[in-house]
Amino acid sequence: MATPAIPDHVSRQIAATPKAQLVDMLYQMLLGRRYEEKCAEMYALQKIGGFCHLYIGQEAVAIGALSTLRPDDLIITAYREHVHALVKGCDAGRVMAELFGRRDGVSRGKGGSMHLFDREKGMLGGHGIVGGHIPLATGTAFAAKYQKKDVVTLCFFGEAAVNIGAFHESLNMAALWKLPVVYIVENNRFGMGTAIERSSAIYDVAQRACAYDMASETVDGMDVLAVRDVIGRAVGLARRESLPTLIEARCYRFMGHSMSDPVHGHYRTKEEVEGQKQQDPIKRYFEHLKAAGLADQALLEELDRKARAVTDQAVQFAEASPEPSADELYQDVYAEPYGPYTRSEQ
Amino acid sequence: MAVITYRDALNQALREELRRDPNVFLMGEEVGVYQGAYKVSKGLLQEFGPERIVDTPITEEGFAGVGVGAAMAGLRPIIEMMTWNFSLVAIDQLVNGAAKMLYMSGGQFKIPMVFRGPGGAAHQLAAQHSQSLEAWYASVPGLKVVAPSTPYDAKGLLKSAIRDDDPVIFMEGETLYGSKGEVPDEEYTIPIGVTDVKRPGTDVTVVAWSKMVTVALKAADTLAADGISVEVIDPRTLRPLDDAPILESVRKTNRCVIVEEGWPYAGVGAQIAFQVQQAAFGDLDAPIARVTGLDVPMPYAKNLEHMVMPSPARVVAAVREVLYLD
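Chains E and W supply the protein sequences, listed in that same order.
Residue numbers for the first sequence follow our numbering, so the first one is 1 and each next one is one higher.
Residue numbers for the second sequence follow our numbering, so the first one is 1001 and each next one is one higher.
Note that these hints are calculated values from the structure, not bench results.
Heads up, some of the hints might be wrong.
[To be verified] Here are the simulated DSS-like pairs of lysine-lysine, each with C-alpha atoms no more than 30 Å apart in a straight line:
hint	chain 1	residue 1	chain 2	residue 2
1	E	Lys121	E	Lys145
2	W	Lys1039	E	Lys145
3	E	Lys145	W	Lys1110
4	W	Lys1110	E	Lys178
5	E	Lys19	E	Lys283
6	E	Lys178	W	Lys1039
7	E	Lys145	W	Lys1302
8	E	Lys270	E	Lys283
9	W	Lys1110	E	Lys148
10	E	Lys270	E	Lys38
11	W	Lys1042	E	Lys178
12	E	Lys306	E	Lys19
13	E	Lys148	E	Lys121
14	W	Lys1110	E	Lys149
15	E	Lys121	E	Lys19
16	W	Lys1302	W	Lys1039
17	E	Lys283	E	Lys121
18	E	Lys148	W	Lys1180
19	E	Lys148	E	Lys178
20	W	Lys1110	E	Lys121
[Unchecked claim] Among chain E residues calculated to face chain W with C-beta under 7 Å, some are:
hint	residue
21	Gly111
22	Arg119
23	Gly139
24	Ala335
In this text the structure is predicted, and so the values were computed from the model without any measurement.
C-beta: ideal position from N, C-alpha, C; glycine also.
Chain W with its partners taken away, still in its complex shape:
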């Protein structure tokens, strides 16, 4: 198996699906001539031409809606948001358009499309460029929300998202693009809505997705040195949520910590905690703990930004808390 970056894994997925289906096209800002703001679409213009790799004006609502309309007419658009922050000017098209079209047309208009791009904070990008909007989109019936943490998951899930007949919100981790991992040489897909155990353990269940998986795994390493065995579970898809493996793990460990980069209030972690307590209340030996981005707009100052972001140290503290060790 080759070891490649998360960015190249996504690029492979796009390339393979563009080759596979002529109805698939990629549209967004800087996807073509510039080769992608984050180089995810590198080389695609050269292979597929400007009809299928479409550079747009800075007009997110406009081209998001063009994607929805094209999907209604039978194409399979991939709409790149340069970052998910910019999707807020397009959200009417995603929520009132893509998510509801099938339902309010009585099943007549499927919207087989992907909205993809990087989400979350990077480094000192301040309040408007450092957001995790999973919870916004995951609350909408009609959307699917995917947030992969590894190159392997990113490729397999993006291929599935492109083949899916529903609109998929595909959130890449901005700081994960350079991360590396093993990706098979042969073709594969990963089904949407299947939770993955990233590290088996017996004492505490830690649920995390996207780049928070990395944070959780670092915490697990630290805790292992103290003899604490952490099971790290990555739902990978936030809607629909495959909660069975999470519940199975909690029934084994009797303790649960949820790590989320986004804000705590009405976050995805709040939903997961609700589902865990409802199904496994009797199995819990401690209240569920959450480690989230702090409840503030992202500050610019480096020290303050570090305080906002979930860190391995905060996860370690939460794990020790649910184990009543401190």
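Looking at chain E on its own, in the form it has when it is part of the complex:
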């Protein structure tokens, strides 16, 4: 049987999705790319400090997944989450202000790159301990069921997190209690510098769901419509039947693990990275839209200009935002006013 020029899932999604949304997804991918490129620049200029993990190459996962949600759905992520936050609706300027450690940041400058939170937008945080946030997503799903709300939680983490206990404990409870949560493994093949083949007894991550009798699917994470297709089904299962799913999205990061790490070196070759870049998810999506007659080069350039402009404005906003004042240091340690604990601090 001949392979169709346009895969089934692409035709299906293009037919079923409003054109404006399809175009917006292309814009979101471009915004994610330009935003992260700007973050790399700002990191080099030391405007951004600490650990900073960029999403370049993996955009199709967050954009495809979040395209299936309602605004009141919730997401919880690991620490490579700038783009998830933007796509969930967080203000680009306030996210950049957070990365700059400024008062107008989404977490008021207290969280930084790894801890972007926005309650209004259903962004329940970037979290910095690998796998530690998976039980939290299980908990928000537990709460949705308890409150009899049809809200769905998406939980994003890397493939390296599936070897930590919290992952297994969470999947067991979610399956046992039938919780409305979708666990999305962004399998970019490397936990920092350790390839999955060197860290995991099973390379097929989705198989992990078998142990918990949970639905699972593997998807090409470099194909945004494939991600949308698969996650859409999982979100539907969660919303309508209150059942969890484990999704493995196979993707690739074009950058190093964090800004402090090399793109290639001991753990992967330059040739491998360059080869993967041929599968650039933005390019692939553009080609799909072009083939369907929904986008052309002029539109791509227009959207790219908008993405660059929003990114530049975000930087300007962050630059203009003041540093947090010293009197904010002890704010929000507790819900009630709180001062230094020991006298030596007073």
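Given the coordinates of chain E, work out where chain W should sit on it, guided by the hints.
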């Protein structure tokens, strides 16, 4: 006033708060069908049903994190640790999750929840089941740590902990569950962070919490026979610590002994001693003394276990030491 056990006082607090607020639920190992490993949750499944009294697998990190996530989503979870020893496999959720969420989210996500269960040694449970972990949790900004010594305090403080908007580490005394005391028939709460004088005295201040209050009171009885008047002070809450009554007492007695079941190194007593010497150095007539669990893992042998645990005799000796009587 009724005389009831510490266990029943806790049970009443849970029941009253579950009735008061539908967002409150209890989750943990054996809390439902089994009626609680220590029977603190006896009868709650029957009254509130399995949606609110949730039996879990043995998966402490998992359900501790489920509690934190549920709190982020607006519920008020009570997470039972069958004993605090088991919290060590869940500590990432307590320290990196519950304690820091409000701060690192810039004030957006309160974590109104309680982690509760028994702590401390019981009888010959050996090294892994006989620990007092107050100092571990009390060192973490963002957590509150409560360790009541009487049925009255246990009920009033647990009710406050459940209503509190911050994560509260509520450490019950494993060997206190059967102890009895007066508890009012009418509803009451005790605010978190208020120190209580358990026995007034004039010669020496003895600071103790949880079951060490019992040890201190026994020592005070013995010393009273020798004409020594001991003031026993129970902070009840270890974080935030209400040190004003302790300082007031030390300024009166000029002597201070701190009794702690946990290990001495970097213990809560070390922090209290620091605060006392800093604020009341000039009032002290003797160095502060500490009576603590000895600096070893808990041995199984009964005689060795008795050597490790603070005893009334060791408190008596410490009091006589700060009075320069021996």
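- Query: Which earlier hints can't be squared with this structure?
  - Reply: 7 and 18
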